[in-house]
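Q: The residues making up each chain are set out below.
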Amino acid sequence: MPITITRRRLLAGSVATLALPAFARAQGAVKPRLTAISQWSAGSDGAAITALGKKFEEKGGVWQHSPVPGFTTEMMNKLRAQIMAGDPPACSQLKGPEIAAWSKIAPTVDLDAVVAAAGYEKVVAPDLAKLHKPGGKWIALPLQIYSTNMLFLSKRAMDKAKADKIPVTWADFNDLAEKMKAGGVPYPIANGGTRPDDGQKFEAALAGISPLAYRAAIMNLEKKALEGAEIKAAFAQVRKIADWMDPNVGAQHFSTNLKRFVDGDMGMMIMGGWAQGVLRNAGFKFEDFTIAPGPCDNGKPVFLLNADAFIFWQRKEADLQAGQTLMAQLVMDPAIQTMYSQITGSIPVRTDVDLSGEGWSDGQRTTAKALKDAIAGNQAVLSMAHNMAQENGMTAAMIDVITEYVKNKTIKPEQAATRLAEAVEGAR
Amino acid sequence: MRERSFAPSRIFIYLAVALIAAAWLAPLAVVVLNSLRTNEEIAQGSMIGWPQHLAWSNYAAAWSGFCVAETCAGIRPYMLNSALVTIPATIFSTLLGAIAGYAVSLWRFRGDNWIYGIVTLGLFLPQQMRLLPWTIVLRDIGLINTLAGLVLIHTIQGLSFTTLFCRNYYVAIPHELIRAARIDGAGFFRIFWRIILPLSGPILIVTVIWQFTHIWNEFLYGVTFTTGQQQPVTAALIALSAAVADIPQHGVQSAAVIIAALPTLLIYLLGGKYFVRGLTAGAVK
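The listed protein sequences correspond, in order, to chains H and S. Residue 3 in my numbering sits at position 3 of the first sequence, and the numbers go up by one each step. Residue 102 in my numbering sits at position 102 of the second sequence, and the numbers go up by one each step.
Calculated from the structure, these hints are not laboratory results. In this text the structure is predicted, and so the values were computed from the model without any measurement. Every residue gets a Cβ at the ideal spot worked out from N, C-alpha and C, and that includes glycine.
The following residues of chain H were derived to be distant from chain S, with all beta-carbon distances above 12 Å:
| hint | residue |
| --- | --- |
| 1 | M219 |
| 2 | A335 |
| 3 | T410 |
Label pairs and their in silico Cβ distance ranges:
| hint | chain 1 | residue 1 | chain 2 | residue 2 | range |
| --- | --- | --- | --- | --- | --- |
| 4 | H | E391 | S | S57 | 41 to 49 Å |
| 5 | H | R428 | S | G45 | 42 to 50 Å |
| 6 | S | A22 | H | R428 | 47 to 55 Å |
Kindly generate the complete structure, drawing on both the sequences and the hints.
A: Structure follows, in structure tokens:
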């Protein structure tokens with residue numbers, strides 16, 4: 001009995017001692033501190049998050065960022081390890097449906113009050129907002145947007161085709177590709193050979209043929225839509241695209257062929273908005289290419305959303321909590337979103353940011369306008385190829401079918417549609 | 001003699017070997033060439049090509065200039081981290097493996113084969129399976145995000161291989177040697193230090209090369225259990241390549257890869273002939 005008391009006293013004593021510094025901080029001015037992990041380490045991504053950290057420090061915070069590059073897998077391993085160790089970062093990069101999935105593993109921070117104070121919900125695309133409040137409450141905040149179906153047109157290839165009209169529908173697009181081919185462009189479609197690259201061609205085709213079918217089939221996985229005529233039509237369009245691509249590209253990054261694109265040996269590129277940053281940093285000029293929204297048969301822009309975001313994990317420490325609030329405020333701040341997007345070449349999540357001023361490119365303005373119009377026409381949908389529409393396992397199952405179809409030209413569009421439906425069924 | 005060396009079959013063999021060597025060396029050649037080209041040159045031309053002028057600045061940037069997010073120190077600090085993990089972990093795992101191999105091969109006891117079997121089972125466990133157990137262990141002993149934690153992981157996981165190597169080598173040592181020593185009054189460790197270890201040269205070189213290469217090149221644990229300034233060089237290398245909105249830094253990346261590969265390359269160049277000799281030593285007996 002006496003031992004127990006001593007132990008208890010000892011415990012109480014040590015707890016009090018441990019809590020004292022935190023208590024003292026809570027009493028006085030707490031210096032906001034943020035532990036963050038992201039995969040942004042190099043290039044303009046690294047520069048953008050470094051700039052965000054500077055702003056955080058300017059506001060009196062302590063910025064502790066650990067980049068865990070190597071794309072998703074390594075960062076997820078790290079996040080899992082930290083959560084298991086009971087030491088999750090105050091916030092970490094996470095995107096798409098993975099936000100909902102991971103929010104079941106560890107408690108997240110309810111951001112509703114901060115979001116309401118910033119008036120953020122009104123200016124975010126509805127489908128995007130939904131992803132970041134899986135249980136009805138905001139637990140994550142999108143940071144920047146890219147569209148995955150922008151159409152890049154090579155000036156020199158356009159000259160060879162003697163064309164100057166930007167294609168709006170898939171029929172226009174196919175027409176232009178034929179003209180390019182006839183005009184001596186060996187490969188009217190520029191391509192890399194990676195899985196997301198193939199996935200983007202399919203999602204651009206389907207969303208451009210019918211945004212409604214895209215939403216039903218790819219986002220909601222409705223069986224009827226998955227077996228629908230639009231899917232077959234999309235595969236048929238992808239086959240045309242594949243016939244215009246260089247088959248000898250292998251599993252290369254799209255940037256490997258940028259020179260061929262600019263030189264006019266490859267004509268059009270369906271790629272995310274990030275490609276303009278890559279083109280610029282590779283030393284090419286904006287006069288070398290034109291950017292437009294991807295083709296859409298109903299003539300209105302269709303926008304495939306790809307958004308990076310931060311999820312916030314619950315911490316008990318007062319300084320980390322203060323840091324989370326500060327970070328949330330910063331991420332939603334129009335000035336910060338402007339700064340961030342101007343560094344990376346993305347567009348701000350907030351649709352009320354004015355892009356007419358200096359520091360924005362025409363490509364970014366086009367993209368932002370496409371997003372606004374797409375939201376107005378209910379044609380802003382989530383990218384499958386970049387893990388926004390489905391969780392990673394489901395996405396992988398779908399891309400397997402698509403990528404095989406792109407490479408193996410003996411597969412008929414009807415067969416591919418059946419395979420896609422089967423793959424979805426299998427991955428459910 | 002001259003006739004033999006010019007026999008058609010000989011020429012064919014040399015040709016085949018040269019072709020295979022060229023195929024194997026081609027990627028390395030591309031990396032070496034790209035390490036001397038500027039990014040613009042690569043982007044404006046092709047991935048494969050001669051440098052127009054030698055861009056040694058890639059090596060300077062890779063060694064001490066490039067930025068991983070907020071820190072701009074190149075791979076130098078991470079090379080040091082890798083050395084601080086690899087050297088002790090290689091020594092510990094080799095030594096412990098030698099002792100364990102010696103125990104299960106020459107110091108027979110009940111269940112020795114079982115223990116040996118269980119230890120070598122570790123070879124068949126995929127790395128990913130071990131991530132969570134290690135997370136819990138490192139958390140409980142407070143070694144998360146430390147180089148010491150990585151040393152512990154690599155020492156323990158290396159035991160499966162080092163025990164296997166040493167045991168297979170020691171099995172060939174005559175038991176009479178041990179028996180004679182025991183009659184003379186030598187104990188377990190005295191026999192190990194005085195008799196076994198001096199006989200172990202070839203196999204120790206094999207295990208050291210093997211362990212050093214594996215630990216130096218290991219990536220998953222390094223990236224998962226350490227952050228920021230604690231990361232080994234493999235994790236830092238990935239940091240250099242992960243840019244979405246930017247042209248890949250092929251020139252600097254290539255230079256960094258070459259620098260990071262130098263220690264293992266040196267180990268192989270210096271110890272390569274012993275490697276094969278050591279591995280086959282047991283087999284020939």
